[in-house]
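**Student:** Chain by chain, the residues run as shown.
There are 2 protein chains.
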Amino acid sequence: MRAVDIVMKKRDGGELSREEIEFLVSGYVSGNIPEYQVSSWLMAVFFKGMTARETGFLTDVMLHSGKTIDLSGIQGPFVDKHSTGGVGDKLSLILAPIVASCGVRVPMMSGRSLGHTGGTLDKLESIPGYTARLTEARFREGILADGFAMTGQTEEIVPADRLLYSLRDVTATVESVPLITASILSKKCAEGAEALVFDVKSGPGAFMKTPEDAERLARSLVDTGRAMGKRIIALITDMTEPLGLTVGNFFEVEETLDCLEGTGPADVMEVTLALSERMLVAAGKAKDAESARSRCLAVLESKEARTRFLANAARQGGDVDRMLALRGNYRAPFHAAVTAPSSSFVTAINAYGIGMASVLLGAGRSKTSDPVFPDVGIIFAKKSGDRVEAGGEVCTLYARDEAALAGAMDLARKAVSFGSEKPDPIKHILKEISAL
Amino acid sequence: MRAVDIVMKKRDGGELSREEIEFLVSGYVSGNIPEYQVSSWLMAVFFKGMTARETGFLTDVMLHSGKTIDLSGIQGPFVDKHSTGGVGDKLSLILAPIVASCGVRVPMMSGRSLGHTGGTLDKLESIPGYTARLTEARFREGILADGFAMTGQTEEIVPADRLLYSLRDVTATVESVPLITASILSKKCAEGAEALVFDVKSGPGAFMKTPEDAERLARSLVDTGRAMGKRIIALITDMTEPLGLTVGNFFEVEETLDCLEGTGPADVMEVTLALSERMLVAAGKAKDAESARSRCLAVLESKEARTRFLANAARQGGDVDRMLALRGNYRAPFHAAVTAPSSSFVTAINAYGIGMASVLLGAGRSKTSDPVFPDVGIIFAKKSGDRVEAGGEVCTLYARDEAALAGAMDLARKAVSFGSEKPDPIKHILKEISAL
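Protein chains in written order, with the working numbering: chain A, 24 to 459; chain B, 24 to 459.
No lab work stands behind these hints: they were computed from the structure. All values reported here derive from a predicted model rather than from experimental measurement. One or more of the hints may lead you astray.
One copy or two, either will do: identical chains are not told apart, so a pair holds if it fits within one copy or between any two.
[What the hints assert, rightly or not] Cut-off 25 Å, straight-line C-alpha distance, at most; resulting in silico cross-link-like pairs (SDA-like, lysine to any residue):
#1 Lys-71 to Ser-189
#2 Lys-71 to Glu-412
#3 Lys-450 to Glu-235
#4 Lys-232 to Met-31
#5 Lys-32 to Gly-138
#6 Lys-437 to Ala-312
#7 Lys-406 to Gln-176
#8 Lys-90 to Ala-426
#9 Lys-32 to Pro-234
#10 Lys-326 to Gly-126
#11 Lys-71 to Asp-236
#12 Lys-232 to Gly-37
#13 Lys-310 to Glu-159
#14 Lys-406 to Ala-458
#15 Lys-32 to Arg-135
#16 Lys-232 to Asp-28
#17 Lys-32 to Lys-454
#18 Lys-437 to Glu-425
#19 Lys-32 to Lys-390
#20 Lys-454 to Ala-337
#21 Lys-406 to Val-84
#22 Lys-32 to Ile-97
#23 Lys-71 to Gly-37
#24 Lys-71 to Arg-423
Could you put together the complete structure from these sequences and hints?
**Tutor:** Printed below as a string of structure tokens:
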């Protein structure tokens, strides 16, 4: 077998066998196949795509390039949720304790903020003392005790993905649906989940800018996951506007508490419950969405979900008393508000612009080595469709220095639109695609 | 400027600027841009192509990656011919002295056999003592004295092409019209020609298998050459059957002498004269093809072309007396003939099959480091359209050992077809595309 022949076969639109994909990817990981052949193959995949079978082979080969989490000895079902990334997307923090309270185990391996999108681990680690760097033993322990645990990807999990992703990043081959699919699924399969719910975001604040592109990715995730024997549901959800009223690490922890106490914003609750229901259905813990919803509402009502959130925070090193004491007043010193020029409606809040403003504030990262801060970000008083008087506040930005504030204000002002007509309400759940 | 952005721009179908192409290619040659970015760019070019402007920029950047031949102080016009490679294609050996005899200077930089196609330099070096490795001074001297000289590409000429070609070879990006165009044109421009005639072969024995593909390459060469200020004519010629009656290095030198003495095969003469005429027209030495042809016929008739061929052979180290003494009897010891199974017509001789048979005999190479022999090859008694009796000879193969002969006979037998109907004659000149 020769790498160049495999590249040529893909270039000419052929379907690669498991052996061919394994030869190329394992050869790359072991250093026997040079980067220049892998990158030309990646570009050929960009243009010619991969079938669900091929994508499944790639996922499987990547999955077996490293170690997988061993959840044996713990009673399942194990279900995880994965989001393709958005702005103000704190849903994992809320749904993991809800779903765990309903008897589902959630072995959640999450990521960090990069570019305009936030990261679950950064949000959790804004809780004083919290760590998302768990050993496998502590990860198992958390799942056993609280029904869920939150960790980051270690060096040993799917090393092929780290290698391939860094090569894709510098060769303009990131935006390929099968490559994205294999990257996501290989990591999700490595953490031991039997069923997966995907939140594929669509809109200016998402990786997939259009519903059509989001649907292509959702279908690829569902088809490939099914080919790998997983139960999969994907929801396509809107990301034109930030989710909820907060963007910023600790600010989003505060909003998580609001949601778990029944006072969270309607949009966050709508998408959180939609995803939680699907997790229960995928786990076989509810026969349909309706009965799943009533179980989720019950664990919110009884505060069991809130209790589990606090238990996880404490178990992963968080100082829960301090977190609760900081709530509502953990704000960086420099602040300024975006206000309405005249009495009008907020007609749109561009999620990408707000995401980039939050990066300037230090809530997110331009590059992986940048630090992030807990007490910076954006808090909205109004969202699109809300009426605002002349000079009235739409949102307030918090920063650690004047320069960051000025740059972020500039972006935030451009991200907010006003008009005399009340806009149509945003539809949050756009489509469901499943393979159960 | 970042390499990844240039790759992305090409991937998305954009037209690259001169600065972008220079950044990428010069950066690659100097070692600042890694192979994996260049190979993903090459694959993007494979899929998205390049405009004539871009191909011109690439050619120019490649050309200036090394030194160019200095022909200053020699009176032009300088015209060269380039063939995309075929089987039995000894046309350069015949047309260079013809055209030089008509007052055109031919600074000819040629290649060696690779795969099923023959190489001009291997044919010339089958003349005892002949060398195609000339210093620039000896190259100039030959052009000045005989009107033409024959040399190979040196390390210093277009190093970017050697680097890019070896990368394309292992990344399945050889078959790209703009990349082939830039590779050919950069070398031809480096040798100092002001006008160029291209023989773009089409058919099973050619690199371009169909007339459509050949026309795409011919148009790209013409358009890009024009964008670079050169006068260009391309002929698309047939390569379904080997040209002439000989395939093999010294065998083709013998056929060259036949042609220069007026006894050469009709097909070789037809294509040689068609190309020679275009060289005279492109050089401005004849106002039209008709007057160009009568000048070519005159220098053949007067034997001036033959005299110049012998003068060049001697000047480049060849033992002319020995060459003439070997003529007709320089044959490797093992031989066998392909014969007709019944009284019939030869209906086809597959050039690719014959080319591969000649490689097995040692007339050509599978890889660049293989040796080639002067006295092996194939001599045809019949070509397609000829009548042959049962058991009558179609061609004879000459080899240096039994095993090579057996393997080559197997291929040669499969390459020859017989039938009861006389086939239509082959049309040798398929199309002309020019930019004068």
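**Student:** Each hint should be assessed against the structure and marked as holding or not.
**Tutor:** Status of each hint after checking the structure:
Taking CA atoms no more than 25 Å apart as the test, Lys-71 paired with Ser-189 passes in both settings, with 21 Å inside one copy and 24 Å between copies. For the identical chains of this complex, Lys-71 and Glu-412 are neighbours neither inside a copy (53 Å) nor across copies (52 Å), given an alpha-carbon limit of 25 Å. In this assembly of identical chains, the alpha carbons of Lys-450 and Glu-235 lie at most 25 Å apart only when taken from the same copy (16 Å versus 51 Å across copies). When the C-alpha separation of Lys-232 and Met-31 is checked against a cutoff of 25 Å, the pair qualifies only between copies, where the shortest distance is 17 Å, while the shortest distance within a copy is 31 Å.
In this assembly of identical chains, Lys-32 and Gly-138 lie within 25 Å of each other by CA distance solely across copies; the values are 20 Å between and 35 Å within a copy. Taking identical chains as interchangeable, the C-alpha atoms of Lys-437 and Ala-312 are never at most 25 Å apart, the minima being 39 Å within one chain and 68 Å between chains. Taking CA atoms no more than 25 Å apart as the test, Lys-406 paired with Gln-176 passes in neither setting, with 34 Å inside one copy and 69 Å between copies. Neither within a single protomer nor between protomers do Lys-90 and Ala-426 lie at most 25 Å apart by alpha-carbon distance, with minima of 44 Å and 52 Å respectively.
For a Cα distance limit of 25 Å, the shortest separation of Lys-32 from Pro-234 across copies, 24 Å, qualifies, whereas the shortest one inside one copy, 31 Å, does not. Proximity of Lys-326 and Gly-126 under a CA criterion of 25 Å is satisfied intra-copy only: 15 Å inside one chain copy versus 99 Å between copies. Taking the shortest alpha-carbon separations for Lys-71 and Asp-236, both the intra-copy value of 16 Å and the inter-copy value of 21 Å come in at or below 25 Å. Taking the shortest alpha-carbon separations for Lys-232 and Gly-37, only the inter-copy value of 20 Å comes in at or below 25 Å, while the best intra-copy value is 29 Å.
With identical chains, the CA atoms of Lys-310 and Glu-159 are never at most 25 Å apart, being 32 Å at best within one copy and 84 Å at best between copies. Taking the shortest alpha-carbon separations for Lys-406 and Ala-458, neither the intra-copy value of 35 Å nor the inter-copy value of 63 Å comes in at or below 25 Å. In this homomeric assembly, Lys-32 and Arg-135 never come within 25 Å of each other (Cα to Cα): the closest approach is 36 Å inside a single copy and 28 Å across copies. Within a single copy, Lys-232 and Asp-28 get their C-alpha atoms only as close as 35 Å, which misses the 25 Å cut-off; across copies the closest is 19 Å, which meets it.
Taking the shortest alpha-carbon separations for Lys-32 and Lys-454, neither the intra-copy value of 35 Å nor the inter-copy value of 32 Å comes in at or below 25 Å. In the homo-oligomer, the alpha carbons of Lys-437 and Glu-425 lie at most 25 Å apart inside one protomer (19 Å), although the nearest pairing across protomers, at 82 Å, exceeds that limit. For the homomeric pair Lys-32 and Lys-390, the shortest alpha-carbon distance between copies (22 Å) is at most 25 Å, but the shortest distance inside one copy (35 Å) is not. In this assembly of identical chains, the alpha carbons of Lys-454 and Ala-337 never lie at most 25 Å apart, being 37 Å within a copy and 81 Å across copies at closest.
When the C-alpha separation of Lys-406 and Val-84 is checked against a cutoff of 25 Å, the pair qualifies neither within a copy, at 45 Å, nor between copies, at 54 Å. Taking identical chains as interchangeable, the C-alpha atoms of Lys-32 and Ile-97 are never at most 25 Å apart, the minima being 44 Å within one chain and 50 Å between chains. Taking the shortest Cα distances, Lys-71 and Gly-37 sit within 25 Å of each other both inside one copy (9 Å) and across copies (19 Å). Taking CA atoms no more than 25 Å apart as the test, Lys-71 paired with Arg-423 passes in neither setting, with 47 Å inside one copy and 47 Å between copies.
Checked against the numbered hints above, the structure violates hints 2, 6, 7, 8, 13, 14, 15, 17, 20, 21, 22 and 24; every other hint is satisfied.
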